[in-house]
Structure formats: structure tokens, C-alpha cells
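With chain A held as given, fit chain B onto it using these hints.
Here's the letter readout for the chains.
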Amino acid sequence: MSVSNLYSLGRSFASESPFHPQRFPDLYGGITRYRAASANAIYRQEEIADCLYYLQQGRIVLKVGSPHGKDAIIGVLGAGAFFGEECLTSRTLRSSTAICLIDSLAVRIEKASVVRAIRRDPAFATLYLRWVVGHGDALKASLISQLTDSSEQRLARILLQLVNSGDQTAGASVEGFDQEALAQMVGTTRSRVNFFMTRFRELGHIEYDDKIAVHESLWRVVTGQDHVGLGAHSTDTGENEK
Amino acid sequence: MAQSAVMPEKGPPCGGFDLASFAHRHGGVTKYTLRRGGRLFSQDEPANDLFYLDQGQIQLSVTSVQRRLAIVDILTAGDFCGERCLVDESRQISTATCITDSVVARIARATVTRAVQQDTAFAEFCVIYFLERSARLTERLISQLFDPSEIRLARILLQLSNHGGDRGSMVIYNLDQEALAQLIGTSRSRTNYFMNKFREMGHIHYDGYNYIVVRDSLLQVVPHEISDAASEGRNL
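Protein chains in written order, with my numbering: chain A, 1 to 242; chain B, 1 to 236.
In short, the hints are calculated from the structure, not lab data.
The structure displayed is predicted, hence computed values, not measured ones.
Incorrect hints may appear among the rest.
Some chain A residues close to chain B (C-beta under 7 Å, calculated; not the full set) [to be verified]:
| id | residue |
| --- | --- |
| 1 | Ala36 |
| 2 | Ser95 |
| 3 | Thr97 |
| 4 | Ile99 |
| 5 | Ile102 |
| 6 | Ile118 |
| 7 | Val132 |
| 8 | Leu143 |
| 9 | Leu147 |
Computed footprint of chain B on chain A; a stretch qualifies when at least three of its residues, placed anywhere within it, have a C-beta under 8 Å from a C-beta of chain B [as the list claims (entries may be wrong)]:
| id | stretch |
| --- | --- |
| 10 | 78 to 92 |
| 11 | 155 to 163 |
| 12 | 200 to 214 |
Glycine residues also receive a C-beta, built at the ideal position from the N, C-alpha and C atoms.
Just chain A, with the same shape it has in the complex (with noise of 0.2 Å):
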């Protein structure tokens, strides 16, 4: 497979997932399911990490905020995802914050009950093991998308994934990420990010109004076969020194 094939990977093990949390408390107790409203934070960085989460419903980001007043976005999760895996790491604090990006139905549980779970219960510690390991590759796909990509094509490829881990009703489009959202999940400026979103609806990879609809035709700019960019072939690996 293909690194640009590996994006789809947070949807297919979501989707599989036969975690059912209505089971949960009765098994190993200190579960507290909420509603949390668009735009709350379920945790911040740098808080103590003392439980895991499960999204039942909606959809949140993860993000993380430099010393120098930076945001970055490292992830983007869907319904059937675990996050605040910190709290079962050496990591005792968070190391991003999460936001809903939408209403959302989410599942706290308890530290000393995820440990319980994955002891007793090898249903539960196989189902959140394949979680881990397809999380860590979608984790290694952006580092590739990083360390290989120009930022037009991490860009492309962003799309492409925002558009395969959404609500499927949703059709081939994206909505609640502006263009700054996206320059923290690229690595770039808002300024760039208007250029390259631009030239893509210029070759007709995309349109957008309110929210972006993403042709399949965008798999171009990620194989570099449509060049869109300032100057074809940058690699931008100099660009974080600016």
C-alpha cells in the first residue's frame, strides 16, 4: 500500500469497532458518558491525563500550542475513536487539547478502569490494541506527509483525508475547517493555504463556499502530477526556519 493510501485508516477502524460502551459500566464501573456542545474543550494540554475518552457521536480536533503562541492541529478524530491515551503512557500530562468541532456525545472512563479492562477482558484489550497500533500508523502517515511532502500536497492530501474520516451523509465535502484550520494542520501560513485552495478550484479539484467540496482529481497534486505550487518541486524543508 501506498503512504497516501493510509489516511482512510482512522475510518476503517473506527467503523469496525464493536466497542459498545452501554456495556462498559456494568463490567468495570467509573464511566460518565456527556453531551459536549461545538467549540467546548473536553481536556486542555498540559492538564493532568487521568482518564480515556471514547467519541460516541461527533467529531473533535486535536490541538497543541507552542511556547511562541503557535496552534497546530495533529488530529482529527471521528465517531468510534479512543483519545486521551496520555493517561496510560509515562505522559501524565495532556499533550493537546480536544475540541469538539461539532456537538458531540463522548465517553470518559476512568484511568483505573481502562487498566481493569484491558486485564480482564481480551475483547476489550484486542479491540484497543488494533486502535493503537492504526492510530500509530495514521500518526507515522502524517510524519511522512511531513517529512516527504510540499506543502501543497500535505494540503491535498488533508482534504482528501478530512473527506474520507467525515459524516458520510455529508457527501465528498468538508465543513468547519477555515483556512487557518488548515494552515495548522499543514505546517503553513493562512497566506499559502489561500494560494494552493485557489489554484486547486482554478483546476477544478475543489469548490468551496461554506464548505469545500473534494474531487477525486485532488489524488493528483498528491502523486505530483499536477504542480500548483510557488516554484514546482520545493519541498518546503526550509520553510519552518522563516
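The following block gives chain B in isolation, referenced to the frame of chain A:
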């Protein structure tokens, strides 16, 4: 790494992974030696086995559609790779190549799947081990999004030299500047420039490509990460 992962509930800590006792309980383990340059698996191959690195050093590299090469990770003794075998019908994302002579144990997918279901201590170990690996990847992704290449280089040198856990002067073996450049997504010449700079400042020492000594003082190059948010005691 795995050794530092601690689970909170009472009971035996999951600790490390003991290959001999795993093989004794579950079977299905083949141990063999690979020379430097030998491959465990290649990108796009079907993922059928989990690999445990008993001794040596391995790099996980990826060639992009534009034929650009990137190094995703460097693994040392005690690490696993090929975990995609836990996902049905999947293929390898990367190519695993030995960068020193290595001793490797191959564990068949069926064995791993069975062990995860029957041996909760192993399942728990795997969950924590791969979460720690993901945390390392997340740190690199964040560094890639925020940091200029000089700081990315400092971070990767610190990360690679910290494999044992204890700090002090740590040594990285067998990584040339080309490999470092592929780990941080920059050119070899820029890597060379910053390596010389770090050496002149006394943060690192190297001679040829055989080893790099990384001193604690290199931490000064990396910006302070502890923000005030934690000390203010913000709660959920």
C-alpha cells in the same frame, strides 16, 4: 520506552518483554541473525509477522511517491516492529533495515493474536508499548509543525540518545548525517552545518560516522516546554 511504562492498578507491573518466556508459553517464535543492511520486511509487502529486536539497531524508512526517502523511526534492542500484522490483511508502511548486525525474533501473526487474547499481561504490555511509541511519533510530528530544522535536529539527537532512559552523556551509533537529514526532513548540508555548530558549542562530539556523543547541554538548544498552564493548576 517500554521499561518506563507503569500501569497504576495494583498487581504485577507489566514491565518489559521476556522473549524466552513468551516463546515457552506461546511458541511460534523464530530467532535469527541479520547482517547490517539486511531487511526484515519491505514497504508494501503483506504484514504477516511481528518482529522483536533482541540486539542491534533497525531503521524504518519510507519512499514516497515522489521517490523521496524519509526515516520514520530508529529502533533499538527491546523494540518491536511489523505491528501492522495485528490489523487484518494489511501491508507494511515502511521498510525495516538493520543498521548494525542484529538479532531478531519473528513471531507469526497467529501466535501474536492468540497471545493477545489469552495472555492479558502480554496484551497490556503491547497496549502500553505501542502507546509510548505513538507518543514519540506525536512529539516528532509536533516538532515538525513548530520547530526550525536546527531545533528538530537537537530534539532527534536527544530522543535517539535517550533510549536507555537515564540521562548523562549518551551515544548514538551508526547514524550518518544523511540519515539524520531524512529523520528531520531537511538536506544533508543543513544537517552538517548544525552538527558542526553543536560540536563547536560543546553539545555533541563526533568523529566520522561511527558514533555521536550527545551531552545534556544540548537541551539548552531546545526551547523550554513547561508552560505556566501546568503550574497554575488548571483543572478539568
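Evaluation of the provided hints:
The beta carbon of Ala36 of chain A is not positioned within 7 Å of any beta carbon in chain B (closest approach about 12 Å), and the interface hint is therefore violated. Here the hint on Ser95 of chain A is kept, as its CB sits about 6 Å from the closest CB of chain B, short of 7 Å. Hint status for Thr97 of chain A: violated, given a least beta-carbon distance of 10 Å to chain B, over 7 Å. For Ile99 of chain A, the interface hint is violated, the least distance from its beta-carbon to any beta-carbon of chain B being 14 Å, above 7 Å.
Restraint check, Ile102 of chain A versus chain B: the minimum CB separation of about 21 Å is more than 7 Å; hint violated. Checking Ile118 of chain A against chain B by beta carbon gives a least distance of about 5 Å; that is within 7 Å, so the hint holds. A cut of 7 Å between beta carbons decides the hint on Val132 of chain A: the least distance to chain B is about 5 Å, and the hint holds. Here the hint on Leu143 of chain A is kept, as its CB sits about 5 Å from the closest CB of chain B, short of 7 Å.
Contact between Leu147 of chain A and chain B, as hinted, is supported at the beta carbon level, the nearest pair being about 4 Å apart and thus within 7 Å. Coverage of the stretch 78 to 92 of chain A by chain B holds [criterion: at least 3 residues with CB-CB distance below 8 Å; count 6]. With 0 residues having a Cβ less than 8 Å from any Cβ of chain B, the stretch 155 to 163 of chain A misses the three-residue criterion, and the hint is violated. Proximity of the stretch 200 to 214 of chain A to chain B, defined as three or more residues with a beta carbon under 8 Å from a beta carbon of that chain, is not established by the 0 residues found.
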